[in-house]
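Protein chains in written order, with the numbering used here: chain A, -17 to 137; chain R, -17 to 137; chain S, -17 to 137; chain H, -17 to 137.
Incorrect hints may have been included.
If chains are identical, the list can't say which one is meant, so a pair holds when it fits in one copy or spans any two.
Claimed, not checked - Mimicking DSS-like on lysine-lysine, the simulated pairs with C-alpha atoms at most 27 Å apart in a straight line are:
{"hint": "1", "residue 1": "K69", "residue 2": "K106"}
{"hint": "2", "residue 1": "K36", "residue 2": "K7"}
{"hint": "3", "residue 1": "K71", "residue 2": "K(-9)"}
{"hint": "4", "residue 1": "K71", "residue 2": "K36"}
{"hint": "5", "residue 1": "K36", "residue 2": "K5"}
{"hint": "6", "residue 1": "K17", "residue 2": "K7"}
{"hint": "7", "residue 1": "K(-9)", "residue 2": "K106"}
{"hint": "8", "residue 1": "K36", "residue 2": "K17"}
{"hint": "9", "residue 1": "K(-16)", "residue 2": "K5"}
{"hint": "10", "residue 1": "K106", "residue 2": "K71"}
{"hint": "11", "residue 1": "K5", "residue 2": "K69"}
{"hint": "12", "residue 1": "K106", "residue 2": "K(-16)"}
{"hint": "13", "residue 1": "K17", "residue 2": "K106"}
{"hint": "14", "residue 1": "K71", "residue 2": "K(-16)"}
{"hint": "15", "residue 1": "K7", "residue 2": "K(-9)"}
{"hint": "16", "residue 1": "K5", "residue 2": "K106"}
{"hint": "17", "residue 1": "K36", "residue 2": "K69"}
Treat the hints as calculated values from the structure; they're not laboratory data.
4 protein chains.
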Amino acid sequence: MKADASLAKTYPQVYEMVEFHNKGKAPHWTDYVSKDLVLAEVTPGQVVWEMEVKESHCNQLGNLHGGCVATLIDICTSFVTLAHEGKSKWRSMGVSTDLSVSYFLGIPAGETIRIVCTANRIGKNLASIRSMIYNSNGQICYSGSHTKFNIDSRL
Amino acid sequence: MKADASLAKTYPQVYEMVEFHNKGKAPHWTDYVSKDLVLAEVTPGQVVWEMEVKESHCNQLGNLHGGCVATLIDICTSFVTLAHEGKSKWRSMGVSTDLSVSYFLGIPAGETIRIVCTANRIGKNLASIRSMIYNSNGQICYSGSHTKFNIDSRL
Amino acid sequence: MKADASLAKTYPQVYEMVEFHNKGKAPHWTDYVSKDLVLAEVTPGQVVWEMEVKESHCNQLGNLHGGCVATLIDICTSFVTLAHEGKSKWRSMGVSTDLSVSYFLGIPAGETIRIVCTANRIGKNLASIRSMIYNSNGQICYSGSHTKFNIDSRL
Amino acid sequence: MKADASLAKTYPQVYEMVEFHNKGKAPHWTDYVSKDLVLAEVTPGQVVWEMEVKESHCNQLGNLHGGCVATLIDICTSFVTLAHEGKSKWRSMGVSTDLSVSYFLGIPAGETIRIVCTANRIGKNLASIRSMIYNSNGQICYSGSHTKFNIDSRL
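So here's chain A without its partners, still in its complex pose (with noise of 0.2 Å):
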């Protein structure tokens, strides 16, 4: 994952994990996409993140493989917990209790998309984010939903 140096500033705990998954011990899961991901935008309550589609994202068919959109889905949107301030602020991402996606068109290998996930509510013990991802030609392609539980009081 990339991202600018001045989000340790300005929302270190964001930064702090996008550090995490730079240095983590290869291979997970996450690796298959957040070596492309580039973390366009932060502000409190939405998270933006920009990625060239690679060949190794799609089916055989040459688009954008379902499981991917899920995947970049669950991890683009994890990262608005920690971009929330306030008094249900999370210190970590917590975990998934729902993932649903919906496929509108498909985005073929070469093609840089725009994820972008705005947080519906963080609460104390529940978070709901959402997401929208775009084509090179701003169409949106996919939609998704996310409920996330705060399991901060185990760490």
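On the provided structure of chain A, position chains R, S and H as indicated by the hints.
Below, chains R, S and H alone, put in the same frame as chain A:
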């Protein structure tokens, strides 16, 4: 993917798709799980897979990654369309419209999981397949639902 | 809701909740289906309901309305939390975090449907229950998944 | 349903469907909300509704019932297909294949909610519409996603 050669006679479409995954030019997203997937049972309306969880399927906490679970459900349920007989027979696996996954219990590397995929309904245009993933103790750890749209007329 | 009086001994929490629905001051959203719901079977981890579809449950095409299907799945799966025994016993039905429904076949007024609700997992904080709705011929017409969060500590 | 008469010119299909709901022979499932729904805005790709929450929409705790939320999302998003222009214009609202709802915050009787329904994509065969429901304070309380299949060719 491993499948018994006898499937070539009983479920030729299923067998050909397994072969297609095995002979496909790497790298594709399916490669990250397909080499470990073993096709355990095929009946009309149901396909059962087994897989030993490797570290490369896991998150940094050592459990099967949510994106890998979604990928397994995407791939494994799709084969059910090819095992279907009757008037609304599908020649190909179609494209995904919706995929939803619920997560209950983590599964660490080393366990052999069982992925049971069952047709809710295979219609002329739409198919819905559900999936349950069990750990070595037979506990349900993840469930999923996959809706596919038939694109045979475009092939 | 109709339930056999013997449930008062075998599953007192389930029975009390049925009574609560029957004695509640009208009008509430649950009234639109609860007067027609018959509790057919209760076992730990599973609750089965039957209901005759009325015109008031249907859309203008004469089939069970998608919103009614979602309402039935919401209400009927929630009782499974109360039929659960063991260390993570729930005293109340919690609150919904996610509900998903898939639609396969329409069901017209006049048919008696069977709503089978089965626990995927009832944990201390979270419960997941799946549901299948069958028509008079035993065909699966709708499936659903419901995730609930325990709020016993707030009661 | 209330809608401005000017819609009869600008969005005739939307207006006719509102009339159809209003003149339909009672009782139908949609009656439980349609008399309270006010069509606030229609643009290509988006339909916004407002509704005052009544006790009859609520659960016994006094909040909008999860099944009513699902019913609202089902009905309100469906109108987006009729507000769509372009080569993949729909003549009818199609049938549901998948509906998913996430619940964040309860809304009590008395509040006026805003139901914003936005097309993800309206294609020739499939439509996906998302919905966000806001309380009087503008907080997101529920979100949903609805996938529909076009049945114009059968009409």
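Hint-by-hint comparison with the structure:
{"no.": "1", "hint": "K69 <-> K106", "in the structure": "both (8 Å within a copy, 24 Å between copies)"}
{"no.": "2", "hint": "K36 <-> K7", "in the structure": "both (22 Å within a copy, 14 Å between copies)"}
{"no.": "3", "hint": "K71 <-> K(-9)", "in the structure": "within (17 Å within a copy, 45 Å between copies)"}
{"no.": "4", "hint": "K71 <-> K36", "in the structure": "neither (35 Å within a copy, 33 Å between copies)"}
{"no.": "5", "hint": "K36 <-> K5", "in the structure": "both (22 Å within a copy, 19 Å between copies)"}
{"no.": "6", "hint": "K17 <-> K7", "in the structure": "both (13 Å within a copy, 22 Å between copies)"}
{"no.": "7", "hint": "K(-9) <-> K106", "in the structure": "within (24 Å within a copy, 37 Å between copies)"}
{"no.": "8", "hint": "K36 <-> K17", "in the structure": "both (11 Å within a copy, 20 Å between copies)"}
{"no.": "9", "hint": "K(-16) <-> K5", "in the structure": "within (12 Å within a copy, 34 Å between copies)"}
{"no.": "10", "hint": "K106 <-> K71", "in the structure": "both (7 Å within a copy, 22 Å between copies)"}
{"no.": "11", "hint": "K5 <-> K69", "in the structure": "neither (30 Å within a copy, 40 Å between copies)"}
{"no.": "12", "hint": "K106 <-> K(-16)", "in the structure": "neither (29 Å within a copy, 38 Å between copies)"}
{"no.": "13", "hint": "K17 <-> K106", "in the structure": "neither (31 Å within a copy, 37 Å between copies)"}
{"no.": "14", "hint": "K71 <-> K(-16)", "in the structure": "within (24 Å within a copy, 42 Å between copies)"}
{"no.": "15", "hint": "K7 <-> K(-9)", "in the structure": "within (25 Å within a copy, 44 Å between copies)"}
{"no.": "16", "hint": "K5 <-> K106", "in the structure": "neither (29 Å within a copy, 34 Å between copies)"}
{"no.": "17", "hint": "K36 <-> K69", "in the structure": "neither (40 Å within a copy, 32 Å between copies)"}
In the structure shown, a violation is registered for the earlier hints numbered 4, 11, 12, 13, 16, 17, in ascending order.
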